[in-house]
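Colleague: Residue-level listing of the chains:
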Amino acid sequence: MAEIVSLKEAIGSLLNDGDTVALEGFTHLIPMSAGHEIIKQRFQQLTLVRLTPDLISDQLIGMGCVNKLVFSWGGNPGVGSLHRLRDAVEHDWPCPLEIDEHSHAGLTNRFVAGASGLPFAVMRGYQGTGLDTYTSTVAPISCPFTGEELRAVAAINPDLSVIHAQRADRKGNVQLWGITGIQKEAVLAGKRSLVTVEEIVDELDRRPGDVILPSWLITAVAQSSGGSRPSYASGFYQRDNDFYIAWDGISRDRQTFMSWMNENVL
Amino acid sequence: MAEIVSLKEAIGSLLNDGDTVALEGFTHLIPMSAGHEIIKQRFQQLTLVRLTPDLISDQLIGMGCVNKLVFSWGGNPGVGSLHRLRDAVEHDWPCPLEIDEHSHAGLTNRFVAGASGLPFAVMRGYQGTGLDTYTSTVAPISCPFTGEELRAVAAINPDLSVIHAQRADRKGNVQLWGITGIQKEAVLAGKRSLVTVEEIVDELDRRPGDVILPSWLITAVAQSSGGSRPSYASGFYQRDNDFYIAWDGISRDRQTFMSWMNENVL
Amino acid sequence: MESTEKYTSDEMMSIAAARQLRNNQICFIGIGLPSKAANLARRLHAPDLIMIYESGTLGAKPTRLPLSIGDGELADTADSIVSVPEIFNYLLQPGRIDIGFLGAAQIDKYANLNSTVIGDYHKPSVRLPGAGGAPEIAGAAKRVIIMLRQSAKSFVDKLPFVTSVGFGSGPGDRRRFGLTGAGPTVVITDLGLLEPDPDTKELVLTNIHSNVSVQKVIESTGWKLRIAEKLEVTEPPTATELEAIRSLVSAGE
Amino acid sequence: MESTEKYTSDEMMSIAAARQLRNNQICFIGIGLPSKAANLARRLHAPDLIMIYESGTLGAKPTRLPLSIGDGELADTADSIVSVPEIFNYLLQPGRIDIGFLGAAQIDKYANLNSTVIGDYHKPSVRLPGAGGAPEIAGAAKRVIIMLRQSAKSFVDKLPFVTSVGFGSGPGDRRRFGLTGAGPTVVITDLGLLEPDPDTKELVLTNIHSNVSVQKVIESTGWKLRIAEKLEVTEPPTATELEAIRSLVSAGE
Chain A
1 MAEIVSLKEA
11 IGSLLNDGDT
21 VALEGFTHLI
31 PMSAGHEIIK
41 QRFQQLTLVR
51 LTPDLISDQL
61 IGMGCVNKLV
71 FSWGGNPGVG
81 SLHRLRDAVE
91 HDWPCPLEID
101 EHSHAGLTNR
111 FVAGASGLPF
121 AVMRGYQGTG
131 LDTYTSTVAP
141 ISCPFTGEEL
151 RAVAAINPDL
161 SVIHAQRADR
171 KGNVQLWGIT
181 GIQKEAVLAG
191 KRSLVTVEEI
201 VDELDRRPGD
211 VILPSWLITA
221 VAQSSGGSRP
231 SYASGFYQRD
241 NDFYIAWDGI
251 SRDRQTFMSW
261 MNENVL
Chain R
1001 MAEIVSLKEA
1011 IGSLLNDGDT
1021 VALEGFTHLI
1031 PMSAGHEIIK
1041 QRFQQLTLVR
1051 LTPDLISDQL
1061 IGMGCVNKLV
1071 FSWGGNPGVG
1081 SLHRLRDAVE
1091 HDWPCPLEID
1101 EHSHAGLTNR
1111 FVAGASGLPF
1121 AVMRGYQGTG
1131 LDTYTSTVAP
1141 ISCPFTGEEL
1151 RAVAAINPDL
1161 SVIHAQRADR
1171 KGNVQLWGIT
1181 GIQKEAVLAG
1191 KRSLVTVEEI
1201 VDELDRRPGD
1211 VILPSWLITA
1221 VAQSSGGSRP
1231 SYASGFYQRD
1241 NDFYIAWDGI
1251 SRDRQTFMSW
1261 MNENVL
Chain P
2001 MESTEKYTSD
2011 EMMSIAAARQ
2021 LRNNQICFIG
2031 IGLPSKAANL
2041 ARRLHAPDLI
2051 MIYESGTLGA
2061 KPTRLPLSIG
2071 DGELADTADS
2081 IVSVPEIFNY
2091 LLQPGRIDIG
2101 FLGAAQIDKY
2111 ANLNSTVIGD
2121 YHKPSVRLPG
2131 AGGAPEIAGA
2141 AKRVIIMLRQ
2151 SAKSFVDKLP
2161 FVTSVGFGSG
2171 PGDRRRFGLT
2181 GAGPTVVITD
2191 LGLLEPDPDT
2201 KELVLTNIHS
2211 NVSVQKVIES
2221 TGWKLRIAEK
2231 LEVTEPPTAT
2241 ELEAIRSLVS
2251 AGE
Chain Z
3001 MESTEKYTSD
3011 EMMSIAAARQ
3021 LRNNQICFIG
3031 IGLPSKAANL
3041 ARRLHAPDLI
3051 MIYESGTLGA
3061 KPTRLPLSIG
3071 DGELADTADS
3081 IVSVPEIFNY
3091 LLQPGRIDIG
3101 FLGAAQIDKY
3111 ANLNSTVIGD
3121 YHKPSVRLPG
3131 AGGAPEIAGA
3141 AKRVIIMLRQ
3151 SAKSFVDKLP
3161 FVTSVGFGSG
3171 PGDRRRFGLT
3181 GAGPTVVITD
3191 LGLLEPDPDT
3201 KELVLTNIHS
3211 NVSVQKVIES
3221 TGWKLRIAEK
3231 LEVTEPPTAT
3241 ELEAIRSLVS
3251 AGE
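Chains as they are written, first to last, in my numbering: chain A, 1 to 266; chain R, 1001 to 1266; chain P, 2001 to 2253; chain Z, 3001 to 3253.
To be clear, the hints were calculated from the coordinates, so they are not data collected in a lab.
Computed spacing ranges between beta-carbons, pair by pair: (1) Z:H3122 x A:S13: 35 to 43 Å; (2) R:K1008 x Z:E3005: 55 to 63 Å; (3) Z:K3230 x A:Y237: 53 to 61 Å.
All residues carry an ideal CB built from backbone N, CA and C; glycine is no exception.
Working from the sequences, and respecting the hints, build out all of it.
Modeller: Here it is as structure tokens:
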């Protein structure tokens, strides 16, 4: 059953230097405050897993917490590049960044395999692309019935998976709604899991389209109001688009970025 | 986009003798009236696919519509045996019945593969059981990353998949809730699909835990109030347990069964 | 607080099984005897037992005994309902289930189960319902509890069909088959409890219900049954247990 | 009803793309140019276009232009929202999508796309965002429409990286790669439209926007561009089209 703890305590006790950590939230319910806590506690040499690395990934990379990124689309949604990600890949700053790059469908199926307790998943994809060449987590596989050649993608099972959700009850059952992306699979694939929530309530009144994650599937729950800001949490607050645009300027220059992080996160 | 038609017309135009037809509904929303329509229209030599063959399967088999059954648990839930199924398997009455038998997990993954447009799915199962011996739709497969031997199950793509749901709107979008089992995968795996519904409404007001099947994933929708009776449709009517118990007596004897079918279905 | 009331051997069996379950255990429940025992445990010492049924209902708290694994009572009282693919692929297969709770028509000395056919597969003398969720529950649950009534016809030397694997033909077979759970830890019958020998994996009679003779158990077993050196006698039902089991009303009644 | 108003080449591109879409087509939409064109089509001749975004929103009817594929505006106006595994495995992979609508940084003469890197993969001069949903959209959608601005830097003879396959190195490659969709049918740029030759699969300029010279298109193409024998001139935007595109307001504005 999930323990309800503080965010600081959760990150401190569930994460270790060198761990593989997934921060999921497909363009919605992004676990920003959990990422900030990882930066504050100065974790190092993490492998960061995230389909859509965005501002929080840019910050973790720029602060030198990450030495490997597993991802499928790394941009500032609707704005442009992630400059800290680019600086790390293009110029090894602040440290070299190894990448294991996939398509959304591929990384999604790696999570599905991880959630299913299987060592791999099967899909039709990657064929003919350059992606096949640069990863060791995709391999050809033949259908034993038809002979068709497909692709196997290796399961991903992060040491810690972190997501953000709207609510939990006092037993640690979690409720999320709106775009729920790959979050259920991320939690299930994780060896340990942490869910930050906007609020903790006595009773989860069900909503259309909601996803319930029972307490017995989660390691820890931490309250973190506004935990997705400047992204959004449906039913609580909207995306701060101005900040996403401003981030392009803040992140473009190393010193401006460091100053901003010092003032606003550390 | 789904066409809204009568049940009679739907079955008449979407099904052919010799087809593989899935009637799904995992202990809830069982497409009973669609099964009756198949019997009335005297379809022959069908391959019937259903995880949990129950009364409707017993009737289709006893009436000689089916010469092959793909299934994973064939009983009268909470009561006992399906006597028409047993009579067909044990004594070839009214005709020999070939069976392709699976576990729930296995047949479920055959539907998942079919819904995913893949020729097979991977799972950990069947190993050490007798089931492996008697089906050609399960095969060993090795993980290209770990070498672990797992099982591949062949995709199933019925010519027609039929499910029952609570509601549709006038555009043919379908809504179901409660135990929704394998129904989404059954519809998606079908080359053609038919959804019978309790009612057709102007607007589908969403409910917690509901599943929406957009009109563009469905071939036809037919209204059939009480279409799951004597089973149940959450929000509409409860299971008629007395009838399930009575069926044990009706179905035990060939003549009693035939008389009952003549009086109540044909 | 032993009851002075009479009780049936079926009541003893259900009560003995219910006693195996604890609060917060995640229990994947087959219909019939296991469902009755689990629901009894919830009414006694394990109100927070987490019951999972293969129909997709998670955390069901039925007020009446469900008639099938897809009973509306389970759906209406569940914390949430997931699809059947989720139940098997996301919850059972990865080993998240503490206890798989199974019944069967027949069992052998290595706790392998048959619920498929009696006789030849293609021309069976009795065609049983088949596997359902059992093979993968038996394979992937962290451990398995089995319940069935004991007789020479149900406890057989050789199964006509292995639907679900206990220990195959002995130690090492579970690993060889790639089964990830630990397998059966106890078989509860109307006569007593059998547990696998840690070394040989053969079922050994470790408990006998009061008022049952060892001779009766031996005669009700189709193989040469091993008896534990320290054979315990099952505590008879308490008045509370009997009252609870007798107040269990089936849904629809 | 040609407008007498001035319009930009970007407006012409979006309008030309919007004209490709029809009611009840199921369209899997990339963010940026494709999203703008699809939303424009919905406001003009295709109000019943079925828009699918990879975030899981089905049948979104945004009143404002979404800023990302997971914009709240898409979620709030969708018929339903499914998980990302469902979008890729149940809806895209089996070929249920009529049109995959993609942008890219670069394209080659066989309509292969690059959105990954400029330069060497390990030491790129420009690290682009990467694949996202594009490779499987390009593979599995029944057909693909591509939009990007035309220049010698974006229309290149050889891609540094193939993110998504158009026709590989020519006819037969899609089948060889096991790609189930028919591939790109048209590339819409700010200068004109290119379509694959039915036999060679090489892109051919088939339409030119009014006020654009063929010479300009040739100079904006990094390979020796083939021009269709019957080169058509794109209908200029109508007043209705221009009004619609100018009234498209982004979410959050």
